[in-house]
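Asker: Now for the letters of each chain:
2 protein chains.
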Amino acid sequence: MTDIVVLVSGGGTNLQAIIDAIESGTITNARVKAVISNKEDAYALERAKKHGIKGKVAKKAELLSAIKEEGPDLLVLAGFLVVLPEEIIREYENRIINIHPSLIPSFCGQGFYGLRVHEGVLSRGCKVTGATVHFVDEGTDTGPIIIQKAVEVLPGDTPEVLQKRVMEEAEWKILPKAIDLFSNGKLVVKEGKVEVLS
Amino acid sequence: MTDIVVLVSGGGTNLQAIIDAIESGTITNARVKAVISNKEDAYALERAKKHGIKGKVAKKAELLSAIKEEGPDLLVLAGFLVVLPEEIIREYENRIINIHPSLIPSFCGQGFYGLRVHEGVLSRGCKVTGATVHFVDEGTDTGPIIIQKAVEVLPGDTPEVLQKRVMEEAEWKILPKAIDLFSNGKLVVKEGKVEVLS
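Chains as they are written, first to last, in our numbering: chain A, 11 to 208; chain B, 11 to 208.
Just so you know, these hints were derived from the structure itself, not from any lab. Possibly wrong hints are sitting among the right ones.
Since the list gives no way to pick out one identical chain from another, each pair is judged satisfied if it fits inside one copy or across any two copies.
Restricting the straight-line Cα-Cα distance to at most 27 Å, the calculated cross-link-like pairs of lysine-lysine (DSSO-like) are [said to hold, decoys possible]: (1) Lys174 <-> Lys200; (2) Lys59 <-> Lys196; (3) Lys159 <-> Lys64; (4) Lys60 <-> Lys49; (5) Lys49 <-> Lys200; (6) Lys59 <-> Lys174; (7) Lys183 <-> Lys200; (8) Lys203 <-> Lys69; (9) Lys69 <-> Lys49; (10) Lys183 <-> Lys69; (11) Lys159 <-> Lys49; (12) Lys66 <-> Lys196; (13) Lys159 <-> Lys203; (14) Lys159 <-> Lys174; (15) Lys196 <-> Lys70; (16) Lys196 <-> Lys78; (17) Lys200 <-> Lys69; (18) Lys59 <-> Lys200; (19) Lys183 <-> Lys66; (20) Lys64 <-> Lys183; (21) Lys60 <-> Lys203; (22) Lys64 <-> Lys78.
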């Protein structure tokens, strides 16, 4: 059984997708041990509570110890807007998963988070965007890519409308899928690339 | 009727896709007036001949006059490895279409052409790539995007295998589609972005 700690800063819709996938059996062999937020009022903590999952609040300095207390096998960043301390990244190498709302290497790196990603896509006039689940390394969105899924940009899209479509059509599908693969030992990292075992 | 001049340097598989789409009626309201190659031995010239299309050879310095002689409404770069002179780009603003074998802005710009694009995709470990048809401006792959199509990267892909899949699943579909839209007056460029009229 893979014990997951989910790190969040906001509403927690990706956390909800994970919880739903575990309850429906889309993710097997895993459970959410705790949800840790850097913000007391993150709605994600409410979601955790509703499903009987422990919720914790931790500032950056307390983060490592708050995580270690739970002894997780996997950390999932689900809209976590704090840059992870390097010691956490080293301690949990290839055991931290992040979701980014674009097709990396497009519209990623410093400054590209939340709506800014979708503003970038629309401002370049792209017709296809998507989302990426990747392992976290010391860089910003530079870690090994696990899954990507493309999403169409449609005429009249605003950043908000596009954000919602990318969540619904990509993020809420590939994040649970990646967790399921991890939990069942299907992900192998070799030379900075992810091999998905069948 | 839209008169097209196709510029090529090599085998001309994208030229073939255009010819086939015109013959099958996938592209309406357009014909290939001439094929111009910078190389005498480009197989694309053979393809043109087989279909009764005029073939010409022109070096960079003669290119503008060779094009002007044909009086085209649209220039299509179909694997043309010469940087277009600026005067051509200005003369045919928003009337030059290029196909690039990635999802711009990923893996584009100087140095990214042919197999190098696919090597870049595999070396980053991307799981999704694709192709982009765009209007040509003064930059390298910076012009307004007309259509993009995503293509899956699969386990075991080599650059050659991936190149072939991107051609078959994306390039040979979206290039004819873009030409058909152009020929039927469906493409409007506003503030560097392409609006596709329905």
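Asker: Give a verdict on every hint.
Answerer: Structure-based check of each hint:
no.: 1; hint: Lys174 <-> Lys200; verdict: between (33 Å within a copy, 25 Å between copies)
no.: 2; hint: Lys59 <-> Lys196; verdict: neither (30 Å within a copy, 52 Å between copies)
no.: 3; hint: Lys159 <-> Lys64; verdict: neither (31 Å within a copy, 43 Å between copies)
no.: 4; hint: Lys60 <-> Lys49; verdict: within (18 Å within a copy, 69 Å between copies)
no.: 5; hint: Lys49 <-> Lys200; verdict: neither (35 Å within a copy, 42 Å between copies)
no.: 6; hint: Lys59 <-> Lys174; verdict: within (25 Å within a copy, 50 Å between copies)
no.: 7; hint: Lys183 <-> Lys200; verdict: within (24 Å within a copy, 34 Å between copies)
no.: 8; hint: Lys203 <-> Lys69; verdict: neither (32 Å within a copy, 42 Å between copies)
no.: 9; hint: Lys69 <-> Lys49; verdict: within (8 Å within a copy, 64 Å between copies)
no.: 10; hint: Lys183 <-> Lys69; verdict: neither (29 Å within a copy, 51 Å between copies)
no.: 11; hint: Lys159 <-> Lys49; verdict: neither (30 Å within a copy, 39 Å between copies)
no.: 12; hint: Lys66 <-> Lys196; verdict: neither (30 Å within a copy, 54 Å between copies)
no.: 13; hint: Lys159 <-> Lys203; verdict: both (17 Å within a copy, 24 Å between copies)
no.: 14; hint: Lys159 <-> Lys174; verdict: both (15 Å within a copy, 20 Å between copies)
no.: 15; hint: Lys196 <-> Lys70; verdict: neither (31 Å within a copy, 52 Å between copies)
no.: 16; hint: Lys196 <-> Lys78; verdict: within (24 Å within a copy, 58 Å between copies)
no.: 17; hint: Lys200 <-> Lys69; verdict: neither (33 Å within a copy, 46 Å between copies)
no.: 18; hint: Lys59 <-> Lys200; verdict: neither (38 Å within a copy, 49 Å between copies)
no.: 19; hint: Lys183 <-> Lys66; verdict: within (26 Å within a copy, 51 Å between copies)
no.: 20; hint: Lys64 <-> Lys183; verdict: within (24 Å within a copy, 51 Å between copies)
no.: 21; hint: Lys60 <-> Lys203; verdict: neither (37 Å within a copy, 45 Å between copies)
no.: 22; hint: Lys64 <-> Lys78; verdict: within (14 Å within a copy, 72 Å between copies)
Against the hints set out earlier in the document, violations occur for numbers 2, 3, 5, 8, 10, 11, 12, 15, 17, 18, 21.
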